[in-house]
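Enquirer: Next come the chains, spelled out residue by residue.
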Amino acid sequence: GAVVSQHPSWVICKSGTSVKIECRSLDFQATTMFWYRQFPKQSLMLMATSNEGSKATYEQGVEKDKFLINHASLTLSTLTVTSAHPEDSSFYICSAREVGGGQGGSYEQYFGPGTRLTVT
Amino acid sequence: GQSLEQPSEVTAVEGAIVQINCTYQTSGFYGLSWYQQHDGGAPTFLSYNALDGLEETGRFSSFLSRSDSYGYLLLQELQMKDSASYFCAVSAQTFKAAGNKLTFGGGTRVLVKP
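So the sequences go chain by chain: A and B.
Residue numbers in the first sequence follow the working numbering, run continuously in steps of one, and reach 123 at the last position.
Residue numbers in the second sequence follow the working numbering, run continuously in steps of one, and reach 899 at the last position.
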């Protein structure tokens, strides 16, 4: 089945530093990857849509200069949290959709295991 | 915009049946998905409805009524391992470059007791 990995699985960093999170589709190609943020006991909030070879599309209220997304290949997207602050501490999850899904677009997104970021 | 409502928590005993309702208001609708998430884990896909009616997959079934903007997930023969959060999510196709984005409901925490 389709597998999405994330690295690292958890990270602790100091306030003001930057952290890069990788999302990889291991056995399929993904033109589109999505980045979500989830606070404890809350829902997944879509941050941005990452498109291979083009700029990411950010959701309203998400700072594009703070959350840098790069989708350099069909199997890799990265999210960099720049100048992280304690309020950025959260569970970051990526998902990916396979190229050329079914008619009308594949409905299934495959989720990575998530990255827990703690900013001290 | 999109908004989805589902109950925050449901408690049931092993072997019971639980129905999790989801009502949605969307500016565009392509389908309703259900995901399961155990604490600390990633969401895993359970089911998807694009058309009205019931979809059955083992112990789990999902129903959609597009005219009522309503769907539900039915969990049968509950097991302890079913204790998790369950999210409904709407696919609202916007434009091709963005693909089919998912908007998630707040999640329903299901607690299965012995």
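Honestly, the hints are just simulated from the structure, not real lab data.
Keep in mind that this is a model prediction, so the values were computed, not measured.
We treat Cβ as the ideally placed atom computed from N, Cα and C, and that holds for glycine.
Careful: at least some of the hints might be erroneous.
[Stated by the list, open to error] Beta-carbon label-pair distances, calculated as ranges:
| # | chain 1 | residue 1 | chain 2 | residue 2 | range |
| --- | --- | --- | --- | --- | --- |
| 1 | A | Thr123 | B | Leu839 | 28 to 38 Å |
| 2 | B | Thr796 | A | Pro43 | 15 to 25 Å |
| 3 | B | Leu839 | A | Pro89 | 14 to 24 Å |
[Stated by the list, open to error] Just a sample of chain A residues kept apart from chain B, beta carbon distances all over 12 Å, derived:
| # | residue |
| --- | --- |
| 4 | Pro11 |
| 5 | Ile15 |
| 6 | Gly19 |
| 7 | Glu62 |
| 8 | Glu90 |
| 9 | Asp91 |
Enquirer: For each hint, tell me whether it holds in the structure or not.
Expert: Verification of the hints:
1. Thr123/A with Leu839/B: 28 to 38 Å: violated, 49 Å
2. Thr796/B with Pro43/A: 15 to 25 Å: holds, 20 Å
3. Leu839/B with Pro89/A: 14 to 24 Å: Roughly 46 Å apart at Cβ, these two residues miss the hinted range, so it is violated.
4. Pro11: Given a closest Cβ separation of 15 Å, the condition holds.
5. Ile15: holds, 16 Å
6. Gly19: Given a closest Cβ separation of 27 Å, the condition holds.
7. Glu62: With a cut-off of 12 Å, Glu62/A comes too close to chain B, as the shortest Cβ separation is near 9 Å.
8. Glu90: holds, 20 Å
9. Asp91: The claim stands: Asp91/A keeps its Cβ more than 12 Å from every Cβ of chain B (closest is about 19 Å).
Figure legend: structure checked against the earlier numbered hints; hints not met, in rising order: 1, 3 and 7.
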